[in-house]
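Asks: Now for the letters of each chain:
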Amino acid sequence: MNFDWSVVGAHRDALAAATGTTVLLTVATMAIAVPCGIVVASLRLYAWAPLRAIATAYVELFRNLPLILLVYWAFYVLPIATDLGLPPFATGLAALALNVTAYNAETFRAGIGSIRRGQLEAAMALGMSRAQAVRRIVLPQAVRRILPVLASTWVSLFKDTSLVSVIAVTELAYVAMQIRAQTFRVLEMLTAMAAIYWLLGYPQAKLVDWIQRRYAVTE
Amino acid sequence: MSRRAKESGATIIRYRGVVKRYGAFEALSGIDLDVHAGEVVCLIGPSGSGKSTLLRCTNALETIDGGAIEFEGARLPRDERALREVRRRMGMVFQSFELFPHLTALHNVAEGPRTVLRARRAEAEDRARAMLAKVGLSDKATNYPAALSGGQQQRVAIARALAMEPDVMLFDEPTSALDPETIGEVLSVMKALADEGMTMVVVTHEMTFARRVGDWVAVFDAGRIVEQGPPRQIFDAPTTERTRDFLSHLGWQGETL
Amino acid sequence: MNFDLSVITDHWRFLAYGIGVTIALAAASGAASLALGFVVALARLFGPRWAKPAVVLYIDSMRAVPVLVVLVWTFFALPILTGLTMLPFVAALIGLTAHLAAYAAEIYRAGVESVRPGQTRASLALGMSRTQILRRIVMPQALVRMLPAFGSLLSVTIKDTAIASVIAVPEIMRQSETLAGQSFQPIEVYSFAMLVYFLILFPVTRGVDRIYRRVAHLGRS
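Residue numbers (our numbering), protein chains in the order written: chain A, 3 to 221; chain B, 1439 to 1695; chain C, 2 to 222.
Looking at chain A on its own, in the form it has when it is part of the complex (with noise of 0.2 Å):
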């Protein structure tokens, strides 16, 4: 049993842009999925009943498939249904968000839901117009209990663009066992793996844990 760690070293250009992959797909899921689930959560709380039904179905559904079936689903049904050949990366890209926009419609539909409407209707009595009191008064007390919600999404989605790598998208987890095939460093190179997502993923989790006591909300 003998252990070449030198073979990390090695291939660090390869794992650094793997790694910037990887918080790039992060980055890039969540910039479309927090606007994509305002727009789904507004419909739930706000749209006629159709809509609301079909934002509702949109939301069950995502939330309840895994999203490794929903990776390899979106790389073989969206060249045919879309008529493109799309890179791995927007695949991956796609499933990411659509996923995600289903989690956080859910987050902002409970966080604007919890908002007492006594206090929607406090502001009104003063003589607020609606869109004012929402503004002014519900919103900012929603953001205090979603935040940490988004911030607990985000790390959460960091971890699962590992993911992808079932459909060669060359982010971290696929390079590194790339690396591994080829070198047949495997205890090395998957420890590497390991050790680079805990190096990561750790200080991002000591954030939100920083961001949950901060915004903790007492009723």
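Incorrect hints may appear among the rest.
[Stated by the list, open to error] So, partial list: chain A residues that the calculated Cβ filter (under 7 Å) puts toward chain C:
(1) C38
(2) L67
(3) L71
(4) Y78
(5) K161
(6) S164
(7) L189
(8) A196
FYI, nobody ran anything at the bench for these hints, they're computed from the structure. Note that beta-carbon positions come from the ideal geometry of N, C-alpha and C, so glycine has one too.
On the provided structure of chain A, position chains B and C as indicated by the hints.
Replies: Frame of chain A, contents of chains B and C only:
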């Protein structure tokens, strides 16, 4: 009944120079007070003046930093097991009722006898039924706390404390969290208890109750007792400025009978 | 686009086997993580002084590292270290349990801490001992309060079994991959897989919701 008449009874609780600190803040700065058998002692005063703190120190939910508390002639022990023995002889009723939500009213009242006194289930439930009848809630025995009104929950809480057959009952603002309509039903139960001769220490804002049912009233302010005496003195002829201020703040116009 | 369902009906036994493996893996790792998580939570609350930072490190590490990485490492790297060969199912079971137990431990802790301190005070006032209070008053309420979080964890457990396909565990996902590759009908096969997962997961989340709503008042003090 005057204090003279009741003083022939034993001293159940004796507070001597009791001090309690939370960090740098002194919540109690030397409390001297006696509670005699059969007496109803009411602790009144502004919020934060230390009344509830003293009550929680009495059954050692909080530990004191100076002075002494004697219960039935002996200082409160330090040992946890011995303290549990002492707590069994005191009953406490909380402002937030603190009924156990996963148990029915009957089982809430029977919980003490079953778990602490190790009574058999049938025996404990019989006693519980008797106590629920005493507070007028026999028909609610199988209800969960969530299905009871505030006043009903508090009465169950009183029954739960009584089921332990305590020597003294401690009430920590028992009606402060209740709707005005339900305050009356709880105060009636407390008055009935007092009439039966139960020794009671009551932290309350219900001045009418203190005036009518209390045998001795202690006025708290900033961790000290500024005045204590029979209700007639405190409410009709207070001897200190602080007491007068406090009563006037409450809008106490005196009670016209 | 023609949808030819015969690929599903012709190979239903193959797919049904996958469903069985999914359920078995989910049930086994779910139960194991509940048990391990309980032990970990106890160690954190009542264990020796070194236990608390060790537990926190373990929990935070599992929050930082993806399930895929844990499973792959357990299946490929651990045998190299220990010299034992491992069946894919066993590796998946170990990896999933280790990952989920961290979350379970957090749920236990949060549940116990969420019970009002007034409940403990009221129990002390009756003269109960600390163990009696934990056993008879705090835990029953805490368990009710943990129910939604555990329901959510069960849902995650079932979804995470799909990741075990990466280490060749023959659960639904893997069986679907194989069938899709052989039949060249990925759309039908993967759509069917989606339907199956949805039919398993949707009742689970709804069911937990329903149960919680009926017992929620038992945990609310």
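Asks: All hints, please: hold or fail.
Replies: We went through each hint and held it up to the structure:
1. C38: violated, 20 Å
2. L67: Holds. Min distance 5 Å.
3. L71: holds, 6 Å
4. Y78: OK, holds: A/Y78 within 7 Å of chain C, min 4 Å.
5. K161: Result: holds, 4 Å to nearest chain C Cβ.
6. S164: holds, 4 Å
7. L189: Status holds, d = 5 Å.
8. A196: holds, 5 Å
The structure shown violates just one earlier hint, number 1.
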